[in-house]
Amino acid sequence: MTTHSSAVEISHLRKTYGNLVAVDDVSVSVAEGEIFGILGPNGAGKTTAIECAIGLREPDAGAIRLLGLDPHADRDQVRQLVGVQLQASAFPPKLRVGEILDMYRSFYRHPADVSELTGALGLAGQRGKFYRSLSGGQRQRLSVVLALIGRPRLAVLDEMTTGLDPQARRDAWGLIERVRDRGTTIVLVTHFMEEAERLCDRVALIDHGRVVALDAPDRLAAGAQGGKSVRFVPSGPFDETLLTGLPEVAGVQRQGQHVLVTGTGDLVNAVILALAAAGVTAGEVQLGTPDLEDAFVALTQQEGAMA
Amino acid sequence: MTTTLTPPGTAPAAAFGQLVRNEIRLAWRQPTSLIGGLALPAALLVIFSLIPTFRLPQAGLGGFSPLDLYVPILIGFSLAMLALFGLPIPLVTYRELGVLRRLSTTPVPPSWLLAAQGVVQLGVALAGLAGILVAGAALGTPAPANPAGFALAVVLSVAGLFPLGLLIAAMARTTNGASVIGRLVLIPMLFFAGLWWPRELMPAVLRDVSDVIPLGAAVEAIQDSMRGPFPTVSGSAPLLVLTGWAVLFGFLAMRFFRWE
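Going down the list, the protein sequences come from chains P and Z. Residue numbers are given in numbering that gives the first Met the number 0: position 131 of the first sequence equals residue 130, and the series is strictly consecutive. Residue numbers are given in numbering that gives the first Met the number 0: position 151 of the second sequence equals residue 150, and the series is strictly consecutive.
Honestly, I wouldn't trust all of these hints.
Unchecked claim - Taking lysine to any residue pairs in the SDA-like style, the calculated list, with each CA pair at most 20 Å apart, reads:
{"#": "1", "chain 1": "P", "residue 1": "Lys227", "chain 2": "Z", "residue 2": "Gly16"}
{"#": "2", "chain 1": "P", "residue 1": "Lys227", "chain 2": "P", "residue 2": "Gly135"}
{"#": "3", "chain 1": "P", "residue 1": "Lys128", "chain 2": "Z", "residue 2": "Leu55"}
{"#": "4", "chain 1": "P", "residue 1": "Lys93", "chain 2": "Z", "residue 2": "Ala169"}
{"#": "5", "chain 1": "P", "residue 1": "Lys128", "chain 2": "Z", "residue 2": "Ile34"}
{"#": "6", "chain 1": "P", "residue 1": "Lys93", "chain 2": "Z", "residue 2": "Arg257"}
{"#": "7", "chain 1": "P", "residue 1": "Lys128", "chain 2": "Z", "residue 2": "Leu25"}
{"#": "8", "chain 1": "P", "residue 1": "Lys227", "chain 2": "P", "residue 2": "Arg168"}
{"#": "9", "chain 1": "P", "residue 1": "Lys93", "chain 2": "Z", "residue 2": "Val133"}
{"#": "10", "chain 1": "P", "residue 1": "Lys128", "chain 2": "Z", "residue 2": "Thr174"}
{"#": "11", "chain 1": "P", "residue 1": "Lys93", "chain 2": "Z", "residue 2": "Phe190"}
{"#": "12", "chain 1": "P", "residue 1": "Lys227", "chain 2": "P", "residue 2": "Arg209"}
{"#": "13", "chain 1": "P", "residue 1": "Lys93", "chain 2": "Z", "residue 2": "Ala144"}
{"#": "14", "chain 1": "P", "residue 1": "Lys93", "chain 2": "Z", "residue 2": "Ala136"}
{"#": "15", "chain 1": "P", "residue 1": "Lys93", "chain 2": "Z", "residue 2": "Leu251"}
{"#": "16", "chain 1": "P", "residue 1": "Lys128", "chain 2": "Z", "residue 2": "Ile23"}
{"#": "17", "chain 1": "P", "residue 1": "Lys128", "chain 2": "Z", "residue 2": "Val98"}
{"#": "18", "chain 1": "P", "residue 1": "Lys93", "chain 2": "Z", "residue 2": "Arg182"}
{"#": "19", "chain 1": "P", "residue 1": "Lys93", "chain 2": "Z", "residue 2": "Leu132"}
{"#": "20", "chain 1": "P", "residue 1": "Lys93", "chain 2": "Z", "residue 2": "Arg54"}
{"#": "21", "chain 1": "P", "residue 1": "Lys93", "chain 2": "Z", "residue 2": "Ala252"}
{"#": "22", "chain 1": "P", "residue 1": "Lys93", "chain 2": "P", "residue 2": "Gly124"}
For the record, the hints were derived by calculation from the structure and aren't laboratory data.
Same shape as in the complex, but just chain P (with noise of 0.2 Å):
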């Protein structure tokens, strides 16, 4: 076995199913101790490409590594070393909780400490129930819990907090961070803007089985178009050339009582000290700064008009 400092490798990855083209060509490298994204709307190849990665499925082209291994020939080292949660998996209804968790801890050489995943994510006192009479929440943070059970090197987690309430959200997300800083790398398939912003260290964007943008979150909100925004409720009427006569406005749109001014540079002040020179003040005011949902949007949209 080769040395390896990439948890996982995919280059030119394709998948297709008839004539839909699922992957088209992903190529993605992710480091040890990484916490990596993958967003992308609906339908846009994300789950395939995961279970393309973890030996799910067969991709039609492409070279897959996970922590240098190959998911087909070297199967059950992989399955010792990668923890997966599936969007879509189920259980036994008549087994309890308890003997779940038993079951799969079973199943690994090195597993984690069991108590100590289930408190994280409050189902400490739930070993007794039957599975068939958990919530919805509770049977995805069971899920979290068994893609976790094995003490992975690398973690797979498909839509971990979809169907979470917040509180049960944050509790996912710091047990991700603990685990993560004791040297799992993680990969999470994410609908949740918030979520990438607050995990990840670098996102993949996925759109029409294709990467548009990779990069750090932050990174990427700060490239979105768009730019800044201001909100205010002007004191009395104005002359809305008044504002698109300046450089830094690109745009001006009234809503209702609120007027929405986008643009870039000193948006704010220059905004402001343009309507105070007309004798009208702002109130009620509100700054937008673009953010991942901006890069989302803006980058998926632009791939569609290309596509």
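Put chain Z on the given structure of chain P with help from the hints.
Only chain Z this time, still in chain P's reference frame:
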């Protein structure tokens, strides 16, 4: 997609014990197998014993009573229930729910779960066999005259019937589908096994069919081994029939079984 059977991987051997333990719990909590393979056949034997004429030896039956004949028939009934329902239904349910798919991301290959299920069903089969023999002995039916031949007949009956269950698991997409197929196969098989009309009383043409039907051959083999010297060269036909079905069903099940 297809996943091939993998040799035992790096999962600790204790994992298999955990799988079996949980399958036993599930068999207890959802007692389809325990009812069909153990309780029902033993209960039927007791109920038949309450019919006065069933306990009288009859010349037309080779000097045996109808109750004597029902011992091998009910052993076959038990094995058929386990093969057609006990074995395939949980597997199809696991595949339908995604249990096998989730398992295939762990060091334990899904084939271990199939093996664990097989172990549990075999356990129920043994318990069912013991239940019928004990109930039979208490009701005065003769014990197997040839224990080694009896064991061979039972083993080959399991070998001929259980792969049929795996074939059903391979063909059915849903739990409902599996149980419909199971019932469609069960009823004619039970008929030809003699549940309603013992093989001894069947017209020759029906009996010829019964001879080549897996459950008919199973009942014939078990019955022959209970009565006297067995297997003999001239009486080995049912064993060959069972072996043939075992190979055919086994091949088809392996060819068409899908983990997903």
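Quick rundown of the hints versus the structure:
This hinted pair does not check out: Lys227 of chain P and Gly16 of chain Z have alpha carbons roughly 61 Å apart, beyond 20 Å. Between Lys227 of chain P and Gly135 of chain P, the direct Cα distance comes to roughly 39 Å. Violation of the 20 Å bound is thereby established for this hinted pair. The straight-line distance between the Cα atoms of Lys128 of chain P and Leu55 of chain Z is roughly 53 Å, outside the 20 Å bound, and the hint therefore fails. For a cut-off of 20 Å, the pair hint linking Lys93 of chain P to Ala169 of chain Z is broken: about 24 Å separates their Cα positions.
Only pairs whose Cα atoms come within 20 Å are accepted, and Lys128 of chain P paired with Ile34 of chain Z is rejected, the gap being roughly 25 Å. The suggested pairing of Lys93 of chain P with Arg257 of chain Z is violated, with an alpha-carbon distance near 24 Å, which exceeds 20 Å. A threshold of 20 Å between alpha carbons decides the hint, and for Lys128 of chain P with Leu25 of chain Z the separation of about 14 Å falls inside it, so the pair holds. For the suggested pair Lys227 of chain P and Arg168 of chain P, the alpha carbons sit about 29 Å apart, so the restraint of at most 20 Å is broken.
For the proposed pair Lys93 of chain P and Val133 of chain Z, the alpha carbon gap of about 32 Å is over 20 Å, so the pair is violated. Only pairs whose Cα atoms come within 20 Å are accepted, and Lys128 of chain P paired with Thr174 of chain Z is rejected, the gap being roughly 24 Å. For the proposed pair Lys93 of chain P and Phe190 of chain Z, the alpha carbon gap of about 34 Å is over 20 Å, so the pair is violated. About 28 Å separates the Cα atoms of Lys227 of chain P and Arg209 of chain P, which puts this hinted pair outside 20 Å; it is violated.
As the CA atoms of Lys93 of chain P and Ala144 of chain Z are separated by approximately 43 Å, the hinted pair breaks the 20 Å bound. A C-alpha spacing of about 37 Å is found between Lys93 of chain P and Ala136 of chain Z, which places the hinted pair above 20 Å, so the restraint is violated. Annotation: proposed proximity of Lys93 of chain P to Leu251 of chain Z is violated, straight-line Cα distance about 31 Å (limit 20 Å). Note on Lys128 of chain P and Ile23 of chain Z: the hinted pairing holds, with a Cα-Cα distance of about 18 Å set against a maximum of 20 Å.
Simply put, Lys128 of chain P and Val98 of chain Z have alpha-carbon atoms about 18 Å apart, close enough for the 20 Å limit, and the pair holds. For the hint pairing Lys93 of chain P with Arg182 of chain Z, the CA-to-CA distance comes to about 24 Å; that exceeds 20 Å, so the pair is violated. The suggested pairing of Lys93 of chain P with Leu132 of chain Z is violated, with an alpha-carbon distance near 32 Å, which exceeds 20 Å. Proximity of Lys93 of chain P to Arg54 of chain Z is assessed by CA-CA distance (about 43 Å); at most 20 Å being required, the pair is judged violated.
Distance hint between Lys93 of chain P and Ala252 of chain Z is unfulfilled; the C-alpha atoms sit about 27 Å from each other, more than 20 Å. A hinted pair counts as satisfied when its Cα atoms are at most 20 Å apart, and Lys93 of chain P with Gly124 of chain P qualifies at roughly 18 Å.
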